[in-house]
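Q: Each chain, letter by letter, is given below.
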Amino acid sequence: MELTAKERMAIERHGMAEQPPDLRNRNFEEVPYGYTPEEAVAEAQRCLSCKKMPCVSGCPVEVPIPEFIALVAEKKFAEAARVIKTKNVLPAVCGRVCPQETQCEGVCVRGKKDIKEAVAVGNLERFVADYERENNLAEVPEIKNKNGLKVAVIGSGPSGLTVAGDLIKLGYEVTIYEAFHRGGGVLVYGIPEFRLPKKIVESEISALEDLGVKIYYNSVIGRLHKVDDLFNVLGFNAVYIGVGAGLPIFLNIPGNNFNGVFSANEYLTRSNLMKSYLFPQYRTPMIIGKKVAVLGGGNVAMDSARTAIRLGAEKVTIVYRRAREQMPARAAEAHHAEEEKIEFRLLSSPVEIFGNDEGWVTGMKCQRYELGEPDESGRQRPVPIEDSFFEFDCDQVLVSIGGEANPLITKTTPDMKTNKWGYIETDDWGRTSKKLVYAGGDIVTGAATVISAMGAGRMAAKAIHEDLMKESDETVTPDWW
Amino acid sequence: MYELVEKSEVFNVHEMVIDAPEIAHSIEAGQFVIVMGSENSERIPLTVSDWNTDTGTITLYVLETGMSTLELARMKVGDSLYAVTGPLGSPSEIRDYGTVVLGGGCYGIGAIYPIAKACREAGNKVISIIEARYSFMFYHEKELHAACDQVLYATSDGSKGKKGKVEDVITEMLEKGVKIDQAFFIGCTQMLERCSEATRPYNIPTKVALNSIMLDGTGMCGACRVSVGGETKFACVDGPEFDGHKVDWKELDQRKSAYTEQETVVYQSYSHGGEVPKVGSA
Ligand SMILES: Cc1cc2nc3c(=O)[nH]c(=O)nc-3n(C[C@H](O)[C@H](O)[C@H](O)COP(=O)(O)OP(=O)(O)OC[C@H]3O[C@@H](n4cnc5c(N)ncnc54)[C@H](O)[C@@H]3O)c2cc1C
Ligand SMILES: Cc1cc2nc3c(=O)[nH]c(=O)nc-3n(C[C@H](O)[C@H](O)[C@H](O)COP(=O)(O)OP(=O)(O)OC[C@H]3O[C@@H](n4cnc5c(N)ncnc54)[C@H](O)[C@@H]3O)c2cc1C
Ligand code: SF4
Ligand code: FES
Numbered sequence: 001m002e003l004t005a006k007e008r009m010a011i012e013r014h015g016m017a018e019q020p021p022d023l024r025n026r027n028f029e030e031v032p033y034g035y036t037p038e039e040a041v042a043e044a045q046r047c048l049s050c051k052k053m054p055c056v057s058g059c060p061v062e063v064p065i066p067e068f069i070a071l072v073a074e075k076k077f078a079e080a081a082r083v084i085k086t087k088n089v090l091p092a093v094c095g096r097v098c099p100q101e102t103q104c105e106g107v108c109v110r111g112k113k114d115i116k117e118a119v120a121v122g123n124l125e126r127f128v129a130d131y132e133r134e135n136n137l138a139e140v141p142e143i144k145n146k147n148g149l150k151v152a153v154i155g156s157g158p159s160g161l162t163v164a165g166d167l168i169k170l171g172y173e174v175t176i177y178e179a180f181h182r183g184g185g186v187l188v189y190g191i192p193e194f195r196l197p198k199k200i201v202e203s204e205i206s207a208l209e210d211l212g213v214k215i216y217y218n219s220v221i222g223r224l225h226k227v228d229d230l231f232n233v234l235g236f237n238a239v240y241i242g243v244g245a246g247l248p249i250f251l252n253i254p255g256n257n258f259n260g261v262f263s264a265n266e267y268l269t270r271s272n273l274m275k276s277y278l279f280p281q282y283r284t285p286m287i288i289g290k291k292v293a294v295l296g297g298g299n300v301a302m303d304s305a306r307t308a309i310r311l312g313a314e315k316v317t318i319v320y321r322r323a324r325e326q327m328p329a330r331a332a333e334a335h336h337a338e339e340e341k342i343e344f345r346l347l348s349s350p351v352e353i354f355g356n357d358e359g360w361v362t363g364m365k366c367q368r369y370e371l372g373e374p375d376e377s378g379r380q381r382p383v384p385i386e387d388s389f390f391e392f393d394c395d396q397v398l399v400s401i402g403g404e405a406n407p408l409i410t411k412t413t414p415d416m417k418t419n420k421w422g423y424i425e426t427d428d429w430g431r432t433s434k435k436l437v438y439a440g441g442d443i444v445t446g447a448a449t450v451i452s453a454m455g456a457g458r459m460a461a462k463a464i465h466e467d468l469m470k471e472s473d474e475t476v477t478p479d480w481w
Numbered sequence: 001m002y003e004l005v006e007k008s009e010v011f012n013v014h015e016m017v018i019d020a021p022e023i024a025h026s027i028e029a030g031q032f033v034i035v036m037g038s039e040n041s042e043r044i045p046l047t048v049s050d051w052n053t054d055t056g057t058i059t060l061y062v063l064e065t066g067m068s069t070l071e072l073a074r075m076k077v078g079d080s081l082y083a084v085t086g087p088l089g090s091p092s093e094i095r096d097y098g099t100v101v102l103g104g105g106c107y108g109i110g111a112i113y114p115i116a117k118a119c120r121e122a123g124n125k126v127i128s129i130i131e132a133r134y135s136f137m138f139y140h141e142k143e144l145h146a147a148c149d150q151v152l153y154a155t156s157d158g159s160k161g162k163k164g165k166v167e168d169v170i171t172e173m174l175e176k177g178v179k180i181d182q183a184f185f186i187g188c189t190q191m192l193e194r195c196s197e198a199t200r201p202y203n204i205p206t207k208v209a210l211n212s213i214m215l216d217g218t219g220m221c222g223a224c225r226v227s228v229g230g231e232t233k234f235a236c237v238d239g240p241e242f243d244g245h246k247v248d249w250k251e252l253d254q255r256k257s258a259y260t261e262q263e264t265v266v267y268q269s270y271s272h273g274g275e276v277p278k279v280g281s282a
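Chains A and B supply the protein sequences, listed in that same order. Going letter by letter, the first sequence gives residues 1 to 481 in my numbering. Going letter by letter, the second sequence gives residues 1 to 282 in my numbering.
Don't read these hints as lab results, they were simulated from the structure. Some clues are possibly wrong.
Derived lysine-lysine pairs resembling DSS-like cross-links, with alpha carbons at most 25 Å apart [said to hold, decoys possible]:
| # | chain 1 | residue 1 | chain 2 | residue 2 |
| --- | --- | --- | --- | --- |
| 1 | B | Lys-179 | B | Lys-162 |
| 2 | B | Lys-76 | B | Lys-117 |
| 3 | A | Lys-146 | A | Lys-365 |
| 4 | B | Lys-250 | A | Lys-365 |
| 5 | B | Lys-176 | B | Lys-163 |
| 6 | B | Lys-256 | A | Lys-291 |
| 7 | A | Lys-214 | A | Lys-226 |
| 8 | A | Lys-6 | A | Lys-116 |
| 9 | B | Lys-160 | B | Lys-125 |
| 10 | A | Lys-435 | A | Lys-470 |
| 11 | A | Lys-226 | B | Lys-233 |
| 12 | A | Lys-411 | B | Lys-233 |
| 13 | B | Lys-256 | A | Lys-290 |
| 14 | B | Lys-160 | B | Lys-117 |
| 15 | A | Lys-6 | A | Lys-87 |
| 16 | A | Lys-51 | A | Lys-87 |
| 17 | B | Lys-233 | A | Lys-420 |
| 18 | A | Lys-75 | A | Lys-85 |
Remember, predicted model here, so these are calculated numbers, not experimental data.
Given these sequences and hints, build the entire structure.
A: So, in structure tokens, the structure goes:
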């Protein structure tokens, strides 16, 4: 039954049912439950199939959004998932973590007046990907011709997984080297269970293994093997570097090394990867703060704050230098944090962390800021207000103000160019200055998004294929490429 | 992978020989691995004290001090460790210094061995000083003797070598006018500090292998941060060896005690035969 535009316009946006805040702040289970098939169909019927498809241009990897949504409206959920996967290999992840409000949904025609009225692209993406996974409907491509060429992928974050998936399907022998004992990168050690259940990442990884991708864990490249050894000793034909952003930074203020001051990386890794919220059954201990201060305003800060609440903090305060509207976190995360009674101290920045004689953090001193002239990015610059200091007590500080490039690989690969911040320089296709070495994701762009890391992996896989095919005369490119 | 192929114990220090051929091929003196006994384990750093590229094995000396080291101590030959990651850390700086003194206590008795070997190969005169409470607590002695020009002992009860500690032996040497061009120390924090204080008045260049709490071991988390000469360093990548005369010992000691409360309760119940209390489910 074909709906008219007017009928479509009359349907209101379907939110997802969620665990109520006072229940979820005590568990690590996912917050939104997901759509029912009926909700998904009804939401899909809101799409107007605009000719110009602004959403597709808004998506960093140009998922054919109206096309998959039309399939959802026809209840062809598995087909819809397949359409997404032509462009985005991790839809169950992206549906949950993409900043849709600044991408596809941000330019949706239906959201012009009020962004909250945009078609819920992310929710629909999540629904079809979950439907496909839970009902085992994913297509396992048949890999016909092995081409005998070997590619090493360093890092198993979203960019590395994408490269591995694309190349194995093209007939390459693909080996992933991962520093940790588990795969997924930030998806497993950074983003918490309540936002991205680990079983989703695990199923993506085992699907790759089923296709023949080999994964070596506990393998820190730069130490165990140098990039040159991957070619010379281990016989790889090309190497992809997707090692993420890496090093945490601390504010340059007194008191950083008191016990109870953590980088968000450490705090989240303990909780997510090491499952220290199940200590002592899982052996990695955790310090449970009562009054927790979180520094920063991005996704990492929201994840840290919301983890602290779940671990039993009485009060969690986010301290952020700019204003609420300028917070880089996904809208949904900031909203969920507020619902979970996390306090926001905006336009404030710490100048000192206090501690006691035993070396434990006891509080902090901050300075107030106001918004001044816009900077190059157009955002109003925060400027400190003189003599506007204030202090408050806290027994834990979680620092989530960004990171730096990890030099382990670049230092041991001196003939590969980096920029002045230590990130790897590449062309638009991920080619580095070193022959047959490619890079993408956060180690090239600095901390960014899952979808951009994935997109970079896609491009690099194409470049690797093109370059290696030039070197060998055989061509095995299948028609879907 | 990571099968335990040999194991022995000398008074609470467990020698573990582990199958890890790739690590054996790439490790250098002064580096360590991060180990997980089982899937639920903590990631703990352990110095690689010996390795054999022919058999593809690495040797660790594990001092049982808590839950995680106890779990390793209870493993049997034929068991496999869940994860062994390495080599990690910057290798020791090995050059022809002249005369090198290496001081080791507890797990350091084993851990100084590869540095001794490498220093000797680089042309140094190598003197090792090892300490223990009683004479029967020494281990790995034969190998150490073979790698050094001289091995000196210190025991708390005087049952072997000098009655006292490594720093007492060093002080005596320095007072006698023995020329030392470089010192390396590995052991517990208190020992590292005392030894550094002993070489300070004589301006002997002193490297200490710090043992701050670690998590990833790749520079990603900052758990291992230490203050050296007023600067924050990550021990797992910038170290573990640092200038012993510049380390902020008080801060290191405090940071190392961050989890003592939790760790002690669990260790006590577990080491007395009790099962680890279960909380929630995985
Ligand atoms: C807490 C947190 C929340 C976030 N939330 C969001 C969100 O909601 N939405 C969003 O779009 N983005 C989010 N991001 C950002 C996003 O996760 C990253 O941009 C993305 O994961 C980058 O992917 P990557 O493949 O480049 O690297 P990573 O995901 O960082 O993976 C790199 C992998 O390489 C491994 N590695 C590193 N060095 C070596 C080495 N020398 N040898 C072998 N392996 C190595 C690492 O262990 C890791 O597994 C978040 C990030 C964090 C930290
Ligand atoms: C670079 C380095 C090399 C080391 N080499 C050896 C070695 O060769 N042999 C050996 O026996 N020990 C070594 N250690 C120390 C060893 O890692 C700790 O003894 C071990 O982690 C204790 O764990 P536990 O659970 O048994 O004891 P716990 O009860 O947890 O703690 C006992 C002590 O170990 C420290 N510790 C606890 N957790 C960690 C951790 N994740 N990382 C580092 N220290 C921790 C604590 O500060 C405490 O002082 C090394 C440490 C470092 C940093
Ligand atoms: S990948 Fe992200 S941006 Fe693209 S359609 Fe899906 S949710 Fe929107
Ligand atoms: S252990 Fe994480 S940075 Fe050193």
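Q: With reference to the structure, classify each hint as holding or not holding.
A: Hints, one by one, checked against the model:
Of the supplied pair hints, the one linking Lys-179(B) and Lys-162(B) holds, its CA atoms being roughly 20 Å apart against a limit of 25 Å. A threshold of 25 Å between alpha carbons decides the hint, and for Lys-76(B) with Lys-117(B) the separation of about 29 Å lies outside it, so the pair is violated. In summary, the hint linking Lys-146(A) to Lys-365(A) is not supported, as the alpha carbons are separated by about 61 Å, beyond the 25 Å threshold. Of the pairs offered as hints, the one joining Lys-250(B) and Lys-365(A) holds, with about 24 Å between alpha carbons and a cut-off of 25 Å not exceeded.
Of the supplied pair hints, the one linking Lys-176(B) and Lys-163(B) holds, its CA atoms being roughly 18 Å apart against a limit of 25 Å. With a CA separation close to 22 Å, the supplied pair Lys-256(B) and Lys-291(A) stays within the 25 Å bound. In summary, the hint linking Lys-214(A) to Lys-226(A) is supported, as the alpha carbons are separated by about 19 Å, within the 25 Å threshold. Proposed proximity of Lys-6(A) and Lys-116(A) is supported: the alpha carbons are some 19 Å apart, at most 25 Å.
Of the pairs offered as hints, the one joining Lys-160(B) and Lys-125(B) holds, with about 23 Å between alpha carbons and a cut-off of 25 Å not exceeded. With a C-alpha separation of about 13 Å, the suggested pairing of Lys-435(A) with Lys-470(A) holds against the 25 Å cut-off. Of the pairs offered as hints, the one joining Lys-226(A) and Lys-233(B) holds, with about 24 Å between alpha carbons and a cut-off of 25 Å not exceeded. At roughly 17 Å between alpha-carbon atoms, Lys-411(A) and Lys-233(B) fall within 25 Å of each other, so this suggested pair holds.
With a C-alpha separation of about 21 Å, the suggested pairing of Lys-256(B) with Lys-290(A) holds against the 25 Å cut-off. For the hint linking Lys-160(B) to Lys-117(B), the alpha-carbon distance of about 24 Å falls within 25 Å, and the restraint holds. For a cut-off of 25 Å, the pair hint linking Lys-6(A) to Lys-87(A) is broken: about 31 Å separates their Cα positions. For the given pair, Lys-51(A) sits about 20 Å from Lys-87(A) by alpha-carbon distance, which is consistent with the 25 Å threshold.
A C-alpha spacing of about 21 Å is found between Lys-233(B) and Lys-420(A), which places the hinted pair at or below 25 Å, so the restraint holds. Restraint check: the Cα-Cα separation between Lys-75(A) and Lys-85(A) comes to about 17 Å, which is no more than 25 Å; the hinted pair holds.
In this structure, the earlier hints numbered 2, 3 and 15 are contradicted, and the remaining ones agree with it.
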